[in-house]
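Taken in order, these protein sequences are the chains called A and U.
The first sequence begins at 1 in this note's numbering and counts up one residue at a time.
The second sequence begins at 1 in this note's numbering and counts up one residue at a time.
It is worth saying that the hints were derived from the structure and are not from the lab.
Hints may contain errors.
Here chain U is said to cover these stretches of chain A; the calculated rule only asks that three of the stretch's residues, wherever they fall, bring their Cβ under 8 Å from a Cβ of chain U [claimed, not checked]:
no., region
1, 28-40
2, 43-55
3, 81-87
4, 211-218
Glycine included, every Cβ here is placed at the ideal spot set by N, Cα and C.
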Amino acid sequence: MIKITGLEKIYRLGVVEVPALRGLSFEIHRGDFLGLMGPSGSGKSTLLHLLGLLDFPTAGTIEIDGVDVAGLDDDERTDYRLRKMGYIFQDYALVAELTVLENVMLTALAQGKTESQAGEASRDVLSIVGLSNRLNHLPKELSGGEQQRVAIARSMVNRPIILFADEPCANLDTANSQAVLDQFHTINEELSQTIVMVSHEEWHKEYFHRIVYLKDGQIEREEDRHHHGD
Amino acid sequence: MTETLVRLRLSFFLGLRSLQRGNIGSLVMTVVIIGMVFTNMIFLPSVITGAIKLFEQQTIEFQSGNIIIEPKENAEFIDDLEDLLARVNRVPGVLRAAPHNDIGGVMKFKGSRLPGSIIAIRPHDEVLVTGISRMMKEGQYLGEGDTGVIVIGRLVAGHEDKSEDLMPSLGGVTTGDSIDVEYTNGVTRTYRVKGIFETKSYMVDPLVFITWEELESVRGQPIDQATSVLIRTVPGEDENEVKLSLIGMGIQEEIKTWHDLLGKAFAEVVQSYAVINNISTAVSIVIAIVVIFIVIMIKTLNNRRQIGILKAIGIHRTTITFSYVFQVIILAIMGIIFGLMILFALDRYFTVYPIVFPDGDIRPAFTIADIVSNAVLLFIASAVAGFIPAWQIAREDILTAMRG
Ligand SMILES: Nc1ncnc2c1ncn2[C@@H]1O[C@H](COP(=O)(O)OP(=O)(O)OP(=O)(O)O)[C@@H](O)[C@H]1O
Ligand SMILES: [Mg+2]
């Protein structure tokens with residue numbers, strides 16, 4: 001469903017060139033729960049930014065359902081992100097001025113849903129992540145784990161074809177991390193949600209169907225764990 | 001819903017929440033500043049308009065009436081006065097005509113000599129045309145058929161200590177005093193001062209009045225001539241229409257509305273004031289723009305990360321830009337309402353305590369047209385001032401913005 005071919009990213013800092021990705025090619029399949037792992041600086045975030053259309057590759061193509069998204073212009077990318085992608089950041093990235101419910105409703109409203117449709121859809125996903133009782137709280141009134149669950153709900157509300165998560169558990173303790181991963185597991189299993197998640201925690205591997213290991217901007221190896229899955 | 005509507009709705013939603021949950025202090029400050037700017041835009045011009053209005057009113061009320069008839073070119077007098085008055089009073093739109101007849105003379109009081117013109121009037125016409133009879137500072141106005149009495153302006157009466165006077169005076173005349181008048185035809189009369197008026201107009205307060213009968217007695221003959229005829233029109237009548245009717249009646253004399261009388265020079269003064277008003281408005285607008293620009297600039301810079309997040313989750317940059325424009329619009333509306341409240345309070349205050357100028361009490365004159373046009377101007381300026389910084393930040397690269 002997503003075909004990555006010869007993907008390169010070079011950051012230019014003045015005259016210095018930092019090659020973050022050096023020609024990656026792999027595929028992501030529908031319904032995958034893909035782990036991206038590798039040492040710090042290996043290019044995991046960079047790759048996720050490119051896949052999530054938050055940044056432009058230096059070379060290579062990203063084909064999603066046969067469309068080369070690298071060629072989309074800024075507005076088309078924004079629209080693509082809104083309608084087809086969910087993105088979960090390490091630091092939750094909630095809108096501070098909006099309540100839990102409003103944060104989730106935001107993308108639904110942006111898609112043109114009515115207030116009541118958006119509200120209903122948002123309550124549904126918030127109940128999936130177990131936050132039905134915190135709808136009118138502001139992000140600052142929630143724990144890190146709760147905030148990350150709001151972010152998951154937000155990324156889910158538009159039923160994206162793919163969900164990206166960049167170290168979503170990095171700021172969470174083990175219990176909260178487990179809750180988040182269980183959440184991902186559930187939506188992956190039950191809704192066949194495709195998920196690409198960056199992590200460097202060994203124990204997260206248990207959750208992934210497949211792992212792509214990066215090193216120095218290149219794929220070191222791929223590991224298929226599907227048969228280990230439950 | 002169209003894409004545009006969806007975006008605008010979301011902009012409004014985001015803008016509203018940002019105001020509700022944002023910094024109350026900066027919100028209040030911005031509203032107060034916009035309110036003050038708006039007050040300033042309206043208030044200074046309104047004082048100037050008030051001063052112009054006052055001058056116009058004084059001219060109509062005390063000096064010329066709505067329309068004044070003057071002798072034909074090269075003539076010293078309007079002749080066949082009775083006939084002319086009869087015709088004028090029949091013209092539709094004319095409330096009343098009152099003749100004036102100026103005669104030169106020298107007034108004397110306790111060693112002070114004051115040359116000037118003494119104006120003969122017909123009190124029962126005059127009170128219908130000018131308001132001087134209602135501006136008596138002391139004593140009474142002339143009655144029909146009074147002889148041996150004179151009514152003088154406050155500047156003629158003056159003060160005993162002449163250094164207090166703005167122009168030459170008789171040095172402290174009060175009601176009941178006797179003054180001598182030596183007319184240019186050689187006749188001298190002694191008059192009891194029946195009253196002293198104060199209109200605060202520098203054109204009117206140096207005048208003195210006697211009755212028509214008194215003038216006829218001085219001249220020793222009936223007078224069927226006037227140096228001017230003042231006309232009061234029916235309230236609401238267009239003076240120019242009445243002027244045309246008068247011309248249509250075959251009146252050959254010079255007919256001027258008060259506009260004509262004030263003439264080009266006054267129009268130029270008004271024009272200069274308009275320039276001052278425009279400069280003041282421009283300065284106010286610039287202040288408003290700068291304040292709003294800075295407020296939104298700071299807000300967007302503080303919200304860079306948040307703007308990055310919004311873009312990352314697929315919110316269009318125009319939605320984000322307009323969320324700030326909506327905030328500014330709401331701030332501008334609140335500021336304008338606040339300004340209107342200040343103006344209302346000022347209006348109340350100055351109605352009770354007018355600004356005392358030497359030539360009259362000035363009440364700021366607010367016009368709805370001024371208020372509306374300035375509000376619209378301020379509104380547009382605010383929207384533009386909010387749009388620019390928001391637009392700049394919303395264009396920023398997502399990842400750069402998200403790094404904060
Ligand atoms: N904006 C940038 N400008 C310049 N260089 C960058 C930028 N972002 C990342 N890099 C560089 O690109 C390389 C890959 O960075 P990236 O953030 O993708 O690594 P990562 O695998 O996510 O690391 P971590 O596990 O620490 O998050 C690193 O060498 C990094 O220094
Ligand atoms: Mg990273």
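Checked hints:
1. 28-40: violated (count 0)
2. 43-55: holds (count 4)
3. 81-87: holds (count 5)
4. 211-218: violated (count 0)
Comparing the model with each earlier hint shows violations of hints 1, 4; every other hint is respected.
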